[in-house]
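Participant: Sequence:
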Amino acid sequence: MWLRVQVFALRDAGDLAENATAYVSLEPCNHYGRTPPCTEALIKAKVKEVVVGMTDPNPMVASKGIEKLRNAGIDVRVGMEEALCLRLNEAYIHRMLTGKAFATLRTTLSMNGIVINQIGSGADQPGGYYSQLAKEYDGVIISSDMAKATTLPISREAGAKQPLYIIIAQEEGSKLHIPFLDEESASSAIVLADSPVTVEPSGVSVSVLDQMNLESVLQLLADRGLCSVLVDFIDDGAGLVSLLKNFQEDKLVQKVVVELSPVWMVSPGLSDLAFGGSQSFPLKNVEHKEVNRTLLLEGYL
Numbered sequence: 351m352w353l354r355v356q357v358f359a360l361r362d363a364g365d366l367a368e369n370a371t372a373y374v375s376l377e378p379c380n381h382y383g384r385t386p387p388c389t390e391a392l393i394k395a396k397v398k399e400v401v402v403g404m405t406d407p408n409p410m411v412a413s414k415g416i417e418k419l420r421n422a423g424i425d426v427r428v429g430m431e432e433a434l435c436l437r438l439n440e441a442y443i444h445r446m447l448t449g450k451a452f453a454t455l456r457t458t459l460s461m462n463g464i465v466i467n468q469i470g471s472g473a474d475q476p477g478g479y480y481s482q483l484a485k486e487y488d489g490v491i492i493s494s495d496m497a498k499a500t501t502l503p504i505s506r507e508a509g510a511k512q513p514l515y516i517i518i519a520q521e522e523g524s525k526l527h528i529p530f531l532d533e534e535s536a537s538s539a540i541v542l543a544d545s546p547v548t549v550e551p552s553g554v555s556v557s558v559l560d561q562m563n564l565e566s567v568l569q570l571l572a573d574r575g576l577c578s579v580l581v582d583f584i585d586d587g588a589g590l591v592s593l594l595k596n597f598q599e600d601k602l603v604q605k606v607v608v609e610l611s612p613v614w615m616v617s618p619g620l621s622d623l624a625f626g627g628s629q630s631f632p633l634k635n636v637e638h639k640e641v642n643r644t645l646l647l648e649g650y651l
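Read left to right, the sequence shown gives residues 351 to 651 (my numbering).
Source of the hints: derived by calculation from the structure; they are not laboratory data.
The model shown is predicted, which means the values in this text are computed figures rather than measured ones.
Glycine included, C-beta positions come from ideal geometry on N, C-alpha and C.
Heads up, some of the hints might be wrong.
Computed spacing ranges between beta-carbons, pair by pair [claimed, not checked]: (1) T500 to S471: 15 to 25 Å; (2) A508 to G649: 22 to 32 Å; (3) E534 to L438: 29 to 39 Å; (4) F358 to F631: 36 to 46 Å; (5) A508 to G575: 17 to 27 Å.
Think about it this way: if two alpha-carbon atoms lie no more than 30 Å apart in a straight line, the pair counts; the simulated DSS-like pairs of lysine-lysine are [claimed, not checked]: (6) K418 to K394; (7) K485 to K511; (8) K511 to K498; (9) K595 to K485; (10) K396 to K418; (11) K634 to K485; (12) K398 to K414; (13) K634 to K525; (14) K511 to K639; (15) K485 to K601; (16) K394 to K414; (17) K601 to K639; (18) K396 to K414; (19) K498 to K485; (20) K418 to K485; (21) K634 to K601; (22) K498 to K595; (23) K639 to K485; (24) K601 to K511; (25) K634 to K595; (26) K418 to K398; (27) K498 to K525.
Let's have the full structure, built from the sequences with the hints guiding it.
Facilitator: Set out below in structure tokens:
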């Protein structure tokens with residue numbers, strides 16, 4: 351979720367901000383929200399110059415913040431490290447332009463292309479790739495099958511704000527018990543269902559969707575203030591399988607993270623080799639690295 355960190359940074363700086371140069375990755379806002387406008391805070395702090403990485407795509411801002419700072423006599427430079435700032439703010443930009451949360455699909459595969467229902471060794475420990483990934487997202491989408499586990503991977507990075515768990519419940523029945531939650535932590539998850547369902551523990555927010563598809567889910571999450579979500583395909587639960595149907599054609603997922611585990615899966619009813627698929631979607635800006643004997647691949651759709 352998007353916070354106006356400039357306001358809090360200037361409060362911490364106090365008088366030290368006077369005649370200073372402020373560096374911001376995104377154009378300072380010029381409207382009231384949960385905090386006063388960032389432009390007012392910068393003007394009040396008497397900064398001499400503001401270096402802006404990129405203009406804000408939010409129509410409520412749309413260069414008005416830059417204009418207000420210049421009218422107040424503050425020097426403003428725009429476009430410093432713009433490419434880096436566009437990458438840093440990609441989720442916010444996507445939400446502003448589409449009205450939907452930025453979605454990243456994550457999964458772990460065996461060497462023969464089978465989904466594995468666990469992450470690699472050390473991935474959820476401090477410094478592990480999953481622990482770092484979880485702290486970057488406002489929410490994590492999981493299936494109701496996964497929600498029935500006693501524990502879930504979380505971010506163990508120091509000071510990390512845990513993501514909101516978004517549980518997809520399709521054809522779940524009238525009750526859903528979530529073992530990893532209690533009444534105190536109930537607000538850390540929401541349930542999106544295709545029919546009314548009673549959730550234990552009480553206090554978990556439940557929304558019944560007329561249409562259970564990824565587009566509706568991402569719009570609802572954006573309306574709730576989430577900019578980015580991780581779709582964690584850690585099992586082949588029916589809820590996530592149907593949710594992800596046609597996600598490529600509809601351009602609903604922007605990024606893919608695949609952990610390739612050095613194992614060969616053999617299971618009754620499954621081919622030892624994964625075949626099929628009528629279309630391929632080449633990934634862009636692909637990056638890869640080896641982590642604890644697994645290969646981690648990231649790319650954009």
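Participant: Does the alpha-carbon distance linking K511 and K639 stay inside the 30 Å limit?
Facilitator: Status holds; Cα separation ~25 Å.
Participant: For the hint 17 to 27 Å, verify it against the beta carbon of A508 and that of G575.
Facilitator: holds (25 Å)
Participant: Quickly compare the C-alpha distance for K634 and K601 to 30 Å and report which way the hint goes.
Facilitator: Given pair K634, K601 holds - Cα atoms ~14 Å apart, limit 30 Å.
Participant: Could you grab the alpha-carbon distance between K485 and K601 and see if it respects the 30 Å cut-off?
Facilitator: holds (24 Å)
Participant: Next pair to validate is K396 with K418; report whether the Cα-Cα distance is within 30 Å.
Facilitator: holds (14 Å)
Participant: Hint check: K634 vs K485, CA-CA at most 30 Å. Holds or violated?
Facilitator: holds (24 Å)
Participant: Mind checking the alpha carbons of K601 and K639 for me, to see if they're no more than 30 Å apart?
Facilitator: Cα-Cα ~26 Å, so holds.
Participant: Are the Cα positions of K398 and K414 separated by 30 Å at most?
Facilitator: holds (18 Å)
Participant: Assuming the hint says 22 to 32 Å, is it satisfied by the Cβ distance from A508 to G649 or not?
Facilitator: Given about 29 Å between the Cβ atoms, the range holds.
Participant: Does the alpha-carbon distance linking K634 and K525 stay inside the 30 Å limit?
Facilitator: violated (42 Å)
Participant: Hint check: K511 vs K498, CA-CA at most 30 Å. Holds or violated?
Facilitator: holds (23 Å)
Participant: Regarding F358 and F631, is the given constraint of 36 to 46 Å on their beta-carbon distance met?
Facilitator: holds (40 Å)
Hint violations for this structure: numbers 13 and 20, all remaining hints satisfied.
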